[in-house]
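Chemist: Spelled out, the chains give:
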Amino acid sequence: MALVEVRNVSKSFQRDTQVIEVFERLSLDFEERSFTALMGPSGSGKSTLLNLIAGLDRPTSGTVTVGGAEVSAMRPSALAAWRARHIGFVFQSYNLLPVLTAFQNVELPLLLTRLTRRERDERVRIALGVVGVEDRMHHYPRQLSGGQEQRVAIARAIVSDPTLTLLDEPTGQLDKRSAEEVLALLQRLNGEFRKTIIMVTHDAHAAERAKQVLHLEKGVLAA
Amino acid sequence: MKLLPLVFANLRRHTLRTVLTILGVALATFLFATLRSVVTTLNAGTEVASASRMVVQHATAIVFPLPMSYRARLAAVPGVEAVTWANWFGGQYGDGRVFFAQFAIDPASYLAMYPEISVPPEQRTAFERERTAALVGKGLMEVFGWRLGQDVTIRGTIFPGDWTFTIRGVYTPTVRALDDRSFIFHYDYLDERTEHRITPGWYILRLSDPALAPTVAQTIDETFRNSSDPTKTGTEKAFNQSFVTMWGNVQFLMNSIGMAVVFAILMVTANAMMMTARERTGEVAVLKTVGFTDRTLFVLVMVEACLITVSGAVLGLGGAKLLYAGTQFNGFGFLPGFDVTAATLVMGFGIALLLALASGLVPALRAARLPIVQALRHVE
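Chains W and C, in that order, give the protein sequences.
For the first sequence, the working numbering gives the first residue as 96, with consecutive numbering after it.
For the second sequence, the working numbering gives the first residue as 3, with consecutive numbering after it.
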């Protein structure tokens, strides 16, 4: 059984009077411990698919199941709790909270758990150590480079040891060197720490680092 | 509790905006406390009135005096235990900028009528014995730096001329609401120096039983109904209230201004909260993605609004309480015993909490209801 099962998922948006179909009856699986790159042109539905898997959005029809839990059928409050436990999400523009230090940003998901302050502290240090920015833990986002910010964002995504790590264009705003470092880090997370990763990217070079590459064209999985 | 650092971090985001909003709330609650204290102080003046005391004044207006012959007739009314009288002097001291009340009284009967006016026995004797002596409130002595035995000259306005008195006694009110800035002297001195014969401005009666008040009032007013000087008799409380209403509908005015100020600050606070919420749309999406529930986000925004308004209320109400108590403010003599009461403080905090609710509710609901995907478009 695959970790992520997308079954007959259709998704459409209403824009003014026009209905835009993103997918129609899309089905695909993501295996546990896989590292998948989702590629495709703008508007192909990559980010929408990522949002559906993360439970940030709901399909118009069909089901999305992650680790046996039917995400698409959960109530909003249950979905938030499920996300806190099972999903680590990394955005293209890092989205660190500017008023919090790197340490506090990474600690955010743990504030929703019953961990003690000491346990949280330990986990945050480990996560920051894994991504290699432990020495910047007391810096605010404005004091970090783009690459460092994205590493902190990845640390935030993995700190609660989620079932699934989802990344939406994680290297989109980085220079080549920083992008390489982030991609190497993702490979290490998948290889060494056995994290299941789904990464949306435009960049063919970035996609090469994944174990599996899927192409979406106008909401349809291309061969 | 774990999430409080997040709230404090958000408050530090725009420190100047937060400080200005807190100061706005502080100013509003300070003004509320001040205006409300004017009302409560005026009302306290009526509350200090004794239930067993009544005041007889001219039916037309208090500015018209009553004949001295009424004294004996009032004393003869069943239920009346004692009678005294007083006159308003209305003089000015120095440049006249500091107002204080001056009364011409009959010392023995007046001080017996008002046990709340506490005077050391030897000073009381000295005051009663000397015709030009004055009995001065402790607060008034402090205002002008007067000493016992000092001669003080007051310029008469109703009774023209310079009037020199010797301070022979200093009184201390035993109840806070009683004015400690009055100047009391002998009625006989006023009568003797005035060219025409003066008569009492009003009479004060002590009843043997407060329950007799309606009967006594009716009897007195009936007695003098067809005379050239008809009377209006009422309780001391009603008499004191008549002074309050001479200011117009003070309570309505003060409350209206107070509410207008609070409403204006509500708009300012709500605007600041809305601006803050709009700026954080993307962050709300991130927090939701991380796993924060709608309810948690609602509570976070409300706590932030509460912290702002409660901090402002602590500053404003605490500042008012400390300032007025520290300076012994009395509204230039018009508001003796001016005090920010516990009830006013409680009301102030209640208003601050309502302010938090009103200003925080919309942004809190907005944060809670914000669809993640829509909010993410805001930042992506």
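There may be inaccurate statements among the hints.
So the derived list for chain W, only partly shown, Cβ under 10 Å to chain C, looks like this [to be verified]:
1. A164
2. A168
3. M169
4. R180
5. G183
6. L203
7. V225
8. R251
9. A252
10. D256
Don't read these hints as lab results, they were simulated from the structure.
Beta carbons are placed, not taken as given, at the ideal position from N, Cα and C, and that holds for glycine.
Chemist: With reference to the structure, classify each hint as holding or not holding.
Modeler: Checked hints:
1. Restraint check, A164 (chain W) versus chain C: the minimum CB separation of about 14 Å is more than 10 Å; hint violated.
2. The beta carbon of A168 (chain W) comes no nearer than 17 Å to any beta carbon in chain C, farther than 10 Å, and the hint placing it at the interface is violated.
3. Taking 10 Å as the C-beta cut-off, the interface hint given for M169 (chain W) is violated, the closest approach to chain C being about 12 Å.
4. Because the smallest distance between the Cβ of R180 (chain W) and any Cβ of chain C comes to about 7 Å, under 10 Å, the interface hint for this residue holds.
5. Hint status for G183 (chain W): holds, given a least beta-carbon distance of 9 Å to chain C, under 10 Å.
6. Proximity of L203 (chain W) to chain C holds as hinted, the smallest CB-CB distance being about 5 Å (cut-off 10 Å).
7. At a threshold of 10 Å, the smallest CB-CB gap from V225 (chain W) to chain C is about 18 Å, leaving the interface hint violated.
8. At its closest, the beta carbon of R251 (chain W) sits 7 Å from a beta carbon of chain C; the interface hint therefore holds under the 10 Å criterion.
9. Below 10 Å, beta-carbon pairs count as interface contacts, and A252 (chain W) has one with chain C at about 9 Å; its hint therefore holds.
10. Interface hint status for D256 (chain W): violated, as the beta-carbon distance to the closest one in chain C is roughly 13 Å, over 10 Å.
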